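Asker: Chains as they are written, first to last, in my numbering: chain A, 4 to 452; chain B, 698 to 1155.
Rather than coming from a laboratory, the hints here were simulated on the basis of the structure. Heads up, some of the hints might be wrong.
Label-pair restraints from in silico Cβ distances [said to hold, decoys possible]: (1) B/A923 <-> A/D311: 21 to 29 Å; (2) A/A43 <-> B/Q797: 37 to 45 Å; (3) A/W206 <-> B/Q797: 29 to 37 Å.
A short list of chain B residues far from chain A (calculated; beta carbon distances all over 10 Å) [claimed, not checked]: (4) D781; (5) A854; (6) T860; (7) P959; (8) D993; (9) A1013; (10) D1078; (11) G1079.
Only a predicted model underlies this, so the values are computations on that prediction, with no experimental measurement involved. Backbone N, C-alpha and C define an ideal beta-carbon position, used for all residues, glycine too.
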Amino acid sequence: MTDPYLTLVTSPLTKGLARRIGLPRPAPLARFRPGQPLLAGPALVVSGPASAADADAVAQALVGWDVDVRRHPTPGTSYAAVVVVLTGLTHPGELSDPVLAAGATLRSLARGGRVVTVSRASTAEVAPAVAAARQGVDGLLRSLAKELRGGATGNGIVLADGVGADAPSALGALRFFLSTRSAFVSGQLLAVDADAGAPPADWDVPLAGRVAVVTGAARGIGAAIAATLARDGATVVAVDVPAAGEALAAVANRARGTALQLDVTAPDAGRRILEHALARHGGLDIVIHNAGILRDKLLVNMKPERWDAVLAVNVAAQLRINTELLTSGEFTRAPRIVSLASTSGIAGNRGQTNYAASKGGVIGMVRATAPLLTAFGGTANAVAPGFIETEMTARMPFAQREIARRANSLLQGGRPEDVAETVAFLAAPQSGGIVGQVLRVCGQNLVGA
Amino acid sequence: MAAPTNATAQPAAPEGATGTALPRRAVVVGGNRLPFARAGGPYAGASNQDLLTAALDGLVARFGLQGERIGEVAAGAVLKHSRDFNLTRECVLGSALSPQTPAYDLQQACATGLEAVVGLANKIRLGQLESGIAAGVDSASDAPIAVSDGLRHALLALARAKTPRQKLAAIAGLRPRDLAPAAPRIDEPRTGLSMGEHQALTTAQWGITRAAQDELALASHTRLAAAYDAGFFDDLVTGFRGLTRDQNLRPDTSLAKLAALPPAFGRDLAEPATMTAGNSTPLTDGAAAVLLASDDWAAARGLPALAVVVDAESGAVDFVHGGDGLLMAPVFAVPRLLERNGLTLADFDIVEIHEAFASTVLATLAAWADADFGRERLGLDGAFGSVDPDRLNVTGSSLAAGHPFAATGGRIVATAAKILAERKAARAGTPDADRPVRALLSVCAAGGMGVTAILEAA
Chain A
4 MTDPYLTLVT SPLTKGLARR IGLPRPAPLA RFRPGQPLLA GPALVVSGPA SAADADAVAQ
64 ALVGWDVDVR RHPTPGTSYA AVVVVLTGLT HPGELSDPVL AAGATLRSLA RGGRVVTVSR
124 ASTAEVAPAV AAARQGVDGL LRSLAKELRG GATGNGIVLA DGVGADAPSA LGALRFFLST
184 RSAFVSGQLL AVDADAGAPP ADWDVPLAGR VAVVTGAARG IGAAIAATLA RDGATVVAVD
244 VPAAGEALAA VANRARGTAL QLDVTAPDAG RRILEHALAR HGGLDIVIHN AGILRDKLLV
304 NMKPERWDAV LAVNVAAQLR INTELLTSGE FTRAPRIVSL ASTSGIAGNR GQTNYAASKG
364 GVIGMVRATA PLLTAFGGTA NAVAPGFIET EMTARMPFAQ REIARRANSL LQGGRPEDVA
424 ETVAFLAAPQ SGGIVGQVLR VCGQNLVGA
Chain B
698 MAAPTNATAQ PAAPEGATGT ALPRRAVVVG GNRLPFARAG GPYAGASNQD LLTAALDGLV
758 ARFGLQGERI GEVAAGAVLK HSRDFNLTRE CVLGSALSPQ TPAYDLQQAC ATGLEAVVGL
818 ANKIRLGQLE SGIAAGVDSA SDAPIAVSDG LRHALLALAR AKTPRQKLAA IAGLRPRDLA
878 PAAPRIDEPR TGLSMGEHQA LTTAQWGITR AAQDELALAS HTRLAAAYDA GFFDDLVTGF
938 RGLTRDQNLR PDTSLAKLAA LPPAFGRDLA EPATMTAGNS TPLTDGAAAV LLASDDWAAA
998 RGLPALAVVV DAESGAVDFV HGGDGLLMAP VFAVPRLLER NGLTLADFDI VEIHEAFAST
1058 VLATLAAWAD ADFGRERLGL DGAFGSVDPD RLNVTGSSLA AGHPFAATGG RIVATAAKIL
1118 AERKAARAGT PDADRPVRAL LSVCAAGGMG VTAILEAA
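Start from the sequences and build out the full structure, keeping to the hints where you can.
Answerer: Shown next as structure tokens:
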């Protein structure tokens, strides 16, 4: 799970050579550590006149998080973050002032800097010029994110009409994109559809008092999710098949939670998960559907058992467990469902028709499940990892792995904790207005948009 | 059961509950064990400490006991290195339990694990403990090998020696034969016979047939495999070193395959040898732990109370001079235990008899069913009774699972407690709902000993 190329182009001995011969140079990404300040330097908030009120609200929130906020670019200042508020756009012509002002700061953007746009959703209900301006943000943000260097990322928050720039989920998303929790998330536009959700009592432990179940928790991304949810204050029930029991016990003990050995495809899996969470921890608030399997084969050679096993574990089990939870009457305390999708389920991948069908299925599932939860302040969302450094990807053939690793704007693979941070963000109380979405953790992979 | 001292905090004793008058109950919350491995197999590189620590950590994970101060952990091993001084406490320190958890070692041959359960349950019933973990471990792979007495005496003298002359003198007395290690023995020191050879005598004495032994062995494998397939062990077993099911388990074995095995014990006797590798337990590595608690302690943590530890009775036979077999002590202990509790064999929903050898179980049943034996040796009016085969070792036992000596009690107690809880839950709403659901446990042990106990669904 090491990246020798990254070491080559960043170590003092060889980085000069790498620069001279023009090798692409991925930057080591800073990851979140508890106690870290939200930003390591000042943040610039810019907007056009029509978006000024929303920009003020954003600036005020940043001040509340102890960020050094500037409202006008000063030449020579290195910003840790630039927030471009574009919520009041009525015509594409209004993009130029705020966007170019932001652009002028990019040359001196700090290493690992952040660019975040805040805009509104382009729909068929608004005037063509408004829709054009709004949709324009999509294209400009995705392109801008590809320009960034030094581990900087660019992401956008897209508010539905009627949702304020200071809505809990808008600010929660802003905080996530600014923080090192989103180190491997770039080029993404996250929709905030509702005013729902509430800021946590303590941003350091946003999941305090919440009981979370993580399936497939014994290793890799699942183990990282269990650890991250526990760090954020949740009581974790770590679930995996009995065959993974030894690793599962270690994960549960590190997270100070409980281990539940269970095959998620068992007909009574949902009931057993619920019974365990209720009896041991007094409730169930968060379900992370992470358990998944790969049985890659070209469709032309696909055996029914390979196809069926992938669909059964990766999506049918989630559907059955969700039904059990939603009909139990016990999953009602602003519940959160976060499912693991994949960029393969969005863009497709040769040899993965079964896997992509299951992961595409997950995306459809969360979209249709989310409305069933809104009555209880609940949400369902998906996270789609790109190339993540795990035991699984370590087994890929060298050339294929090296191509997959570099085919993104950050020129490197992500880590399991990058996925885990995004899962924890969507599971948090402030994310109540983010419903039925898919958030990619892929470093802006070149495929899968 | 007597009225509890604190009526609001204690669940009422169910009508017809058995047990001696004590202030409160000790309950089995659940258990955890490693899959048992054949000696020299996947755990060959693991020490007793590794195995027991893993079993404890799996238990901690199952019940969320990280950092929890448990009242006491009692455990032991039969094959024990001298470095395993304070073995249990060392394992506690290496586990995720609170380091403020006290521990002690005990050893009663193959009954070690069950004796640990009994001792801790009694302390809980007396109010000396709120919680306890009873455990056992054995590694036949990592068995201790002792040096010869000659070498040992020389080494001790060397350690005491102060001058070069004394040191030289200390090692001068060594002879080449002293350098050969003393082989590990599981033979009975007083008879020189192995456990298998002892049991072969008992097998012949009671006329236990090869066919009956093979049938019992087959049932053990079939039932254990079915229980695994049904997910019964999902919350009883945690994998270790790549092993996720008992290595000795042969789901595809058959009477024909068992019948083809050559005899392993009793080949020198006048009677035909009937004991084979298939109907005897192999040497095995593993560890098992059981979480015991007061009702209050379990309820405060949202933990289940599967079964109550009702009573226990130990026994021993004079296998050296008398006519009783080495492994027949439970034959005498169980009647005493049942008499004290006013019960007969028919009052038990399940009976767990440790399958040291298939013929141990069959000889035990034969003795209980024998009217002369009942009158002459047990002091009864006739036969003690019989056990319905459908109630005996219903999820398999040592023949299929394997038998890491001190780990067997923990395996049996946790398994039986879970079966009792399931049986009781299945009875809810039926006219039978209030009738106690009971298990009789019987574990024979080297040295002519045995420990037996009664569990009842909580």
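Asker: If we take the beta carbon of B/A854, is the closest beta carbon in chain A still more than 10 Å away?
Answerer: holds, 46 Å
Asker: Confirm or reject: B/P959 is not an interface residue toward chain A, with every Cβ-Cβ distance exceeding 10 Å.
Answerer: Holds, because the least Cβ-Cβ distance between B/P959 and chain A comes to about 35 Å, which exceeds 10 Å.
Asker: Beyond 10 Å from every chain A Cβ: check whether that's true for B/G1079.
Answerer: Correct as stated: the minimum Cβ-Cβ distance to chain A is 47 Å, above 10 Å.
Asker: May I ask you to test the hint 37 to 45 Å on the CB atoms belonging to A/A43 and B/Q797?
Answerer: With a Cβ separation near 41 Å, A/A43 and B/Q797 satisfy 37 to 45 Å, so the hint holds.
Asker: Quick one: work out the minimum CB distance from B/D993 to chain A and report holds if it exceeds 10 Å, violated otherwise.
Answerer: holds, 16 Å
Asker: When you look at the beta carbon of B/D1078, is every beta carbon of chain A farther off than 10 Å?
Answerer: holds, 48 Å
Asker: Is the nearest Cβ of chain A still more than 10 Å from the Cβ of B/T860?
Answerer: holds, 53 Å
Asker: Regarding B/A923 and A/D311, is the given constraint of 21 to 29 Å on their beta-carbon distance met?
Answerer: holds, 25 Å
Asker: Taking the CB of A/W206 and the CB of B/Q797, does the distance hold inside 29 to 37 Å?
Answerer: Holds, since A/W206 and B/Q797 (Cβ atoms, about 33 Å apart) stay within the stated range.
Asker: Is the claim that B/A1013 lies outside the interface with chain A correct, judged by CB distances over 10 Å?
Answerer: holds, 38 Å
Asker: Quick one: work out the minimum CB distance from B/D781 to chain A and report holds if it exceeds 10 Å, violated otherwise.
Answerer: holds, 22 Å
Violated hints: none; the structure is consistent with every hint.
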